[in-house]
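Chemist: Okay, here's what each chain looks like letter by letter:
There are 2 protein chains.
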Amino acid sequence: MAVEITALNWVPDFARGYVRDLRPRWACEEIGLPYTTRLISPVPPKPDWYFDEQPWGQVPVLHDGDVQLFESGAILLHIAEKDIRLLSRDPQQRATSIAWVFAALNSVEPGLFELGNVTLFSKDAEWAKLRRPSLMEDIGRKLDRLVDALGDRAWLGDAFSVADIAMVTVLRNADKSELLRARPTLAAYVERGMARPAFERAMAAQLADFQPEPAAA
Amino acid sequence: MAVEITALNWVPDFARGYVRDLRPRWACEEIGLPYTTRLISPVPPKPDWYFDEQPWGQVPVLHDGDVQLFESGAILLHIAEKDIRLLSRDPQQRATSIAWVFAALNSVEPGLFELGNVTLFSKDAEWAKLRRPSLMEDIGRKLDRLVDALGDRAWLGDAFSVADIAMVTVLRNADKSELLRARPTLAAYVERGMARPAFERAMAAQLADFQPEPAAA
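Chains B and X, in that order, give the protein sequences. The opening residue of the first sequence carries number 162 in our numbering; numbering runs sequentially from there. The opening residue of the second sequence carries number 162 in our numbering; numbering runs sequentially from there.
For the record, the hints were derived by calculation from the structure and aren't laboratory data. Check each hint, because a few of them may be wrong.
A pair counts as met if it fits within one copy or between any two copies, since identical chains are not told apart.
No more than 25 Å apart at the CA atoms, straight line, and that leaves these computed lysine to aspartate or glutamate pairs for DMTMM-like [said to hold, decoys possible]: (1) K303 x E374; (2) K284 x E298; (3) K284 x D299; (4) K207 x D305; (5) K337 x D225; (6) K207 x D313; (7) K284 x D209; (8) K243 x E287; (9) K207 x D309; (10) K337 x E242; (11) K284 x E165.
Work out the full structure, taking the sequences as your base and the hints as a guide.
Modeler: Here it is in structure tokens:
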């Protein structure tokens, strides 16, 4: 039975291909799990019922039969539990994959959230101009650790797993900055993830769901 | 068999009771899972072998038999899988709890990380003074959503779960700011968590492990 992923029916050009429903789409594509999309409008105000499903008013939400959940990390783990190609049953490999999902979302993404704020949403604010150098240093130090941890392996664990879906989609938030260009190990890792046919299908599907203009949900 | 939690043997006063090994300690205490601690020094440089266990050089790390893992969120889920008092076997309740663990760590904590930077670590920097008002607004909007989501329930799910360990320990990072004082629902929620005997034991145990001076690991 197909799962249902909630996504947006429109975003500005700069966000296309980066909205977080890409994560569960990619996970579904990796294991051949069919999914449908429920498209909602980004135009505020969101309807009250939506906050009951997603307390921040964001996407994605996953419906899987009678079960619904939010947060892309939780949704990734939920889908990953269905197939060893995303989450091994070996206890150590399973633990390593889940650790890296959290590492991507709690240790790497927060700095990149703020970088998006500094370089895009608040770029004209004086604080943002002053903050940028130290923020780039903070993120850079974290990414240097990630380079060491990845070493010469292709993926974070012994094989591709849900951890790589999380980390590649997090790192793509920096794909226009020197943070990745200066770290060929990470740039190659992101390229490797994006070259997977499942990623390409997920990306194409997200882009195909956008309407020319913001439409009511 | 006891699990082993890696913690620090010293931190400055302001950090005592807030280091993230508190999370797995609390989880263990809730279910009566015995644990030992391995104490490491906060004084750099960390030994190379430690980065093999924890790529950021932080705590906690969990050892559970032959399995080791890092990231407090992953460790919380690992412990929670052992006992329905932390993670229900009901599919929806399980999904809700895991969603809120990620919500705490990926949607709420990132703003509070930056607030720690603005109010403590970088407080004398010009950018930090300029950033504070908008950051407080950003976090406040998120916390207002959390107030709505919590409603008049005692815990994030139908009963106390691992989600509350994650969220209460995240919110405690703001316990000295008006962010919680201005939101009695959240202040009461944090107090409720901290009043649990298991929390009190975990807190006492973390404090008891600190040495008077930083000691080599």
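Chemist: Decide, hint by hint, whether the structure agrees.
Modeler: Results for each hint:
{"no.": "1", "hint": "K303 x E374", "result": "neither (38 Å within a copy, 28 Å between copies)"}
{"no.": "2", "hint": "K284 x E298", "result": "both (18 Å within a copy, 17 Å between copies)"}
{"no.": "3", "hint": "K284 x D299", "result": "both (18 Å within a copy, 16 Å between copies)"}
{"no.": "4", "hint": "K207 x D305", "result": "between (39 Å within a copy, 15 Å between copies)"}
{"no.": "5", "hint": "K337 x D225", "result": "neither (35 Å within a copy, 40 Å between copies)"}
{"no.": "6", "hint": "K207 x D313", "result": "between (45 Å within a copy, 22 Å between copies)"}
{"no.": "7", "hint": "K284 x D209", "result": "neither (31 Å within a copy, 38 Å between copies)"}
{"no.": "8", "hint": "K243 x E287", "result": "neither (48 Å within a copy, 49 Å between copies)"}
{"no.": "9", "hint": "K207 x D309", "result": "between (43 Å within a copy, 14 Å between copies)"}
{"no.": "10", "hint": "K337 x E242", "result": "neither (33 Å within a copy, 39 Å between copies)"}
{"no.": "11", "hint": "K284 x E165", "result": "neither (36 Å within a copy, 45 Å between copies)"}
Going down the numbered hints, you'll see the structure goes against 1, 5, 7, 8, 10 and 11, while the others check out.
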